[in-house]
Amino acid sequence: MVDFWKLVQNENMKIYLRLRTWIMLGIVVLVPILVTVIYVLVSTSDSANGWDMMKLQSSILFSLITIFTVVVASESVAGEFSTGTIKLLLIRPWSRATILLSKYISLLLFSILFSAVCFLFTWGINAALLGAGSDASSVIPATSGYAGHSPWAYMSMYYLYQWIQLVLVVTFSFMISSAFRSGGLSIGLSIFLLFAGNTVTGILSATTHKPWIKYILFSNTDLASYLDGGSPLPNFHMTLGFSLAVLAVYFIIFNAISWSVFMKRDVAA
Amino acid sequence: MSQTPVARLQDVTKRIGGRTIIDRVSLEVYPGEVFGFLGPNGSGKTTTIRMMVGLMAMTSGDISIGGHSVKREYPKAASQVGAIVENPEMYKYLTGYQNLVHFARMNPSITRQRIDEVVKLVGLSGRIHDKVRKYSLGMRQRLGVAQAIMHRPKLLILDEPTNGLDPAGIRELRDYLRQLAQEEGTSVFVSSHLLSEMELMCDRVAILQKGQLIDIRSIRGETGTAAKEAGEALFEVDHPDAALGILQGQGSARIVDGLLQLTADRDLIAETNKRLVEAGIRVYGIRAKTKSLEDQFLEVTGGETVG
Ligand SMILES: Nc1ncnc2c1ncn2[C@@H]1O[C@H](COP(=O)(O)OP(=O)(O)O)[C@@H](O)[C@H]1O
Ligand SMILES: [Mg+2]
Chain B
1 MVDFWKLVQN ENMKIYLRLR TWIMLGIVVL VPILVTVIYV LVSTSDSANG
51 WDMMKLQSSI LFSLITIFTV VVASESVAGE FSTGTIKLLL IRPWSRATIL
101 LSKYISLLLF SILFSAVCFL FTWGINAALL GAGSDASSVI PATSGYAGHS
151 PWAYMSMYYL YQWIQLVLVV TFSFMISSAF RSGGLSIGLS IFLLFAGNTV
201 TGILSATTHK PWIKYILFSN TDLASYLDGG SPLPNFHMTL GFSLAVLAVY
251 FIIFNAISWS VFMKRDVAA
Chain R
1 MSQTPVARLQ DVTKRIGGRT IIDRVSLEVY PGEVFGFLGP NGSGKTTTIR
51 MMVGLMAMTS GDISIGGHSV KREYPKAASQ VGAIVENPEM YKYLTGYQNL
101 VHFARMNPSI TRQRIDEVVK LVGLSGRIHD KVRKYSLGMR QRLGVAQAIM
151 HRPKLLILDE PTNGLDPAGI RELRDYLRQL AQEEGTSVFV SSHLLSEMEL
201 MCDRVAILQK GQLIDIRSIR GETGTAAKEA GEALFEVDHP DAALGILQGQ
251 GSARIVDGLL QLTADRDLIA ETNKRLVEAG IRVYGIRAKT KSLEDQFLEV
301 TGGETVG
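Line order of the protein sequences matches chains B and R.
Counting from 1, one number per residue, gives the positions in the first sequence under my numbering.
Counting from 1, one number per residue, gives the positions in the second sequence under my numbering.
Honestly, the hints are just simulated from the structure, not real lab data.
Careful, some of the hints might be misleading.
Not everything, but these chain R residues come out facing chain B in the computed CB check (under 10 Å) [said to hold, decoys possible]:
{"#": "1", "residue": "85"}
{"#": "2", "residue": "157"}
{"#": "3", "residue": "250"}
Predicted, not measured: the structure shown is a model, and the values here were computed from it.
Backbone N, C-alpha and C fix where the C-beta goes; we use that ideal spot for every residue, glycine too.
Starting from the given sequences, assemble the full structure and let the hints guide the process.
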């Protein structure tokens, strides 16, 4: 176990010793600061609540953090193939499955770090400039199961659900990265899925009522809508448990493909 | 040799898309020997090496390293191997040192002192904290050698390691590999398409052509025994024609490039020299004409050009 941690350390080293990573982190830190400062300077009303602003900024930043993690995930496997470093990586006394796992774990850690920084800065700047008291009636809809709870509990659940969505998109891009060994394809497809997926399932659900629509990945990723007492596709009868089960199946399929392809393929880079 | 081999390839075959790229290759590499793997470009050297280090699966056959099958006990087999496959690609955005730390973490028990020691050994001390992006090809080769030997592998596999090295670098590498084999008992498996290099560096050489092993020859052994066996002897004399006349009885005697050449073993060489001298011929020199590996190579490959 101690030894396996060294593999994760290696993957972390390859992520955090690149300038790119720090630029991404800088964006996650700067966006909430800039947005809130500009809002305070421009806004004439003083009714704004820090929690509302935090939720708005977090939802935007989560798309960004997803894209950043997708970029790192795509590079993680495909990048080693395109530079040829995969050869020196795979001739060590470790199974390919373990090496791939160390990469996957480093990606999850990356997304957790970025989510934590996002939480900290969106809360910090908005609490400081707009005030974020314990009254959260404006950020938690009355329909939510969390109505009356503390805004901390609500925002924590909001982050958890957003993070689960991120994990699915990143697992998808990790699969493309290790199956096709193309970072560009992986980034492109994942971002396309991230944005087009929601739109397409939205259109589908509005125009047809075929039951299979609720089994589509993107009919289930918007878990945050359950938090507010709704569901991702209001025309269908879906529950949080159902969506989590569907996501779990996709999660297992994506990873099964990543691992089986990565373990079998000849390395001719 | 009766020692247990460090590496054993048994009927290794690789087919890709119906084409047989490696065809039933079998060979053994023994402790402390420098084993050359010689073949023209495209003959399958890199493919064989990829299978030895587990980067490619074999279609049939098996490879064992230190007694462990690459197919069934990969981590155990891999722990005994250090390698560079084709170019030594490193993480360009890391320094040379960070690259070494990275690979050192993947093997148990490589200390910081060992890393420093290896850096010194390959002569990169002055530049080891520079980003690899700024390295020349020669420096990358050295860094490649460093990562390959850090964990003191029993078998060092180098795929065309002299590519991109200048003559001084090649000589240094050659000396270093011989030293590694002699002093640390490391077996070295080195591929090349250059005959001259193999001849200077290796104890034995396997010749690969179109995926088939056509010969394995020992190099140093051969020059050692040449004197006892009948070989071609060259006599440098003042009057070759007169000398040929004196040696009429010896069927093989002839004149080649102004030298008297005949097939002879040690005793016959001494005897011939005596007859020439007694007949008043001045003998300036006698030497054995050893077949160079190039001659052997051309002989076995049927004169096919080597690119
Ligand atoms: N991944 C691959 N797919 C198909 N053919 C390949 C592949 N890799 C190598 N080959 C073919 O196998 C032969 C041997 O290649 P290689 O092992 O690189 O030779 P060498 O290293 O001796 O120059 C070549 O004809 C090459 O075209
Ligand atoms: Mg090659």
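Against the structure, the hints come out as follows:
For residue 85/R, the shortest C-beta to C-beta distance to chain B is roughly 5 Å, which falls under 10 Å, so the interface hint holds. Interface restraint check: residue 157/R against chain B, minimum CB-CB distance 9 Å, threshold 10 Å, status holds. With a least beta-carbon distance of about 57 Å to chain B, the hint placing residue 250/R at the interface is violated under the 10 Å criterion.
Checked against the numbered hints listed earlier, the structure breaks hint 3 alone; every other hint is satisfied.
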